[in-house]
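Chains A and B supply the protein sequences, listed in that same order.
So for the first sequence, this note's numbering puts the first residue at 1; every next one is plus one.
So for the second sequence, this note's numbering puts the first residue at 214; every next one is plus one.
Hint data in this document are derived by calculation from the structure and do not stem from the laboratory.
Ideal Cβ placement from N, Cα and C applies to all residues, glycine included.
One should not assume that every hint holds.
[Stated by the list, open to error] Straight-line Cα separation of at most 25 angstroms, SDA-like style, residue types lysine to any residue; simulated pairs:
(1) K28/A - K206/A
(2) K276/B - V103/A
(3) K187/A - L273/B
(4) K276/B - Y100/A
(5) K67/A - K370/B
(6) K282/B - E267/B
(7) K50/A - P424/B
(8) K276/B - K28/A
(9) K206/A - K276/B
(10) K317/B - I208/A
(11) K67/A - E267/B
(12) K67/A - L273/B
(13) K370/B - V103/A
[Stated by the list, open to error] Derived coverage of chain B by chain A (criterion: at least 3 residues anywhere in the stretch with Cβ under 8 angstroms from a Cβ of chain A; other residues may be distant):
(14) 275 to 281
(15) 293 to 301
(16) 313 to 326
(17) 399 to 408
(18) 411 to 421
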Amino acid sequence: MHQFPIRFLIILSLFSLNTSCNQYRHLKRTPPEENCIEKFKPTFRREEYKISVDVIGKHISGLLLIKYMPDSSTRIVFTNEMGFSFFDFGFSQDNGFAVYHIVPQMNKPALINTLRKDFELIMFRNMDRNKSYNLIDSTTIYHAYPQEKGVNYYITDEQCGRLIKMQRSSDKKPVMDALFFDYMPGKSPDSISIRHLNFKFSISLKKIMPLAS
Amino acid sequence: MIKTIALVILILFNLPGLAQYPGYTLSNHPEEFRKSFVEATTSIESVQSGFSQEKDLTMLSEKMNSTGKFWYKKKDKLRMEYIHPYPYLMILNGGKIFVKDGQKENQFPANSNKIFQQVNRILIDCVSGNMLNNPDFQARIFENAGSFLIEFQPMAKNLKELYKNINIVIDKKEYTATAVEMIEVSGDKTIIRFQNKILNAPIPDSVFNNP
Chain A
1 MHQFPIRFLI
11 ILSLFSLNTS
21 CNQYRHLKRT
31 PPEENCIEKF
41 KPTFRREEYK
51 ISVDVIGKHI
61 SGLLLIKYMP
71 DSSTRIVFTN
81 EMGFSFFDFG
91 FSQDNGFAVY
101 HIVPQMNKPA
111 LINTLRKDFE
121 LIMFRNMDRN
131 KSYNLIDSTT
141 IYHAYPQEKG
151 VNYYITDEQC
161 GRLIKMQRSS
171 DKKPVMDALF
181 FDYMPGKSPD
191 SISIRHLNFK
201 FSISLKKIMP
211 LAS
Chain B
214 MIKTIALVIL
224 ILFNLPGLAQ
234 YPGYTLSNHP
244 EEFRKSFVEA
254 TTSIESVQSG
264 FSQEKDLTML
274 SEKMNSTGKF
284 WYKKKDKLRM
294 EYIHPYPYLM
304 ILNGGKIFVK
314 DGQKENQFPA
324 NSNKIFQQVN
334 RILIDCVSGN
344 MLNNPDFQAR
354 IFENAGSFLI
364 EFQPMAKNLK
374 ELYKNINIVI
384 DKKEYTATAV
394 EMIEVSGDKT
404 IIRFQNKILN
414 APIPDSVFNN
424 P
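Only chain A is shown next, with the shape it has when bound in the complex:
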């Protein structure tokens, strides 16, 4: 764990909601589409991923465990290769969030909030259908789910046959893109990419097979 990138990550994450001109202005707002996004929701039962974090030229890696718990919550644990735990987050069924453990170096609200929102986007959480709407252009549909701050978008083709990408935005401007690779809708993706657009911060996840015991 590098002190340098973590410090920058915290500072820069504060600017992630910075806004300028509205980059969604050209899209036409329409009512939400029934039965489109739900089918793309991934299912994480017990998945181990190799995680690589690149932040302003520095690289951190380790293992990320995503586990669905008997109480219907989902836990996400990040350890380095030598087994040292960086954090253990819990996401409950009622959209609650808990930090079960975090190393003192990472225990900063701005950083925790950024990671929380990133994971919530890729887990398809906080999707209130009553507040949702669509933004469309000639080829794509932005399925919009307003959050406490900003909006989460799930972007599909116009037939809703393919999830193109996921996006977190401020009110006017994208702040993060996420992609699934080698992904069967309803299963857990083999690879996940998270890329912040306002500063050099990316997370890539690649599923690994546990050792046979």
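For chain A, the structure is supplied; the task is to place chain B on it using the hints.
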């Protein structure tokens, strides 16, 4: 009668070392062990071994397993090469840490990364025998027929934030570490078990250079 039994049980479970590590009792001759341990480790110039690592996430009832190869050369050269679940290389040499993760390579001073530095320092001190002299830890020595278990409790504030304690199992024949158990404050623990140890075989310095 019941009160007496309850009192005996209470005393037994409060006696340090009796219930804490099954099969081990608190050593009656810790100074003897210290002397023998320092003597034995003074003669260790190098160690090569395989290792298996088990990360135990207690709250999640989960274990995450890794395996790899381990090299140590006196006085402060360390190479840990993970093979499973994916290749990952970490070398500590001359106050610098080199890490290779897939195609990504990274080198930085050991003191710039406190967690790496502390974990590596602990591993080197365990193998070299210096752990008993480390003022950052308070040690208690337990033993059974075949091995010693040294329990290290961190004294330094920054270590207390990370580890509840670190235990090392020492083989009574060779006085070398067979396992290192790092127990975090959260209760999660990592056990590294060393297998097929080769002591004092020549290891070229190039093993500890950036590949």
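message: Going through the numbered hints above, which ones does this structure break? Give me the numbers in ascending order.
response: 1, 5, 8, 18
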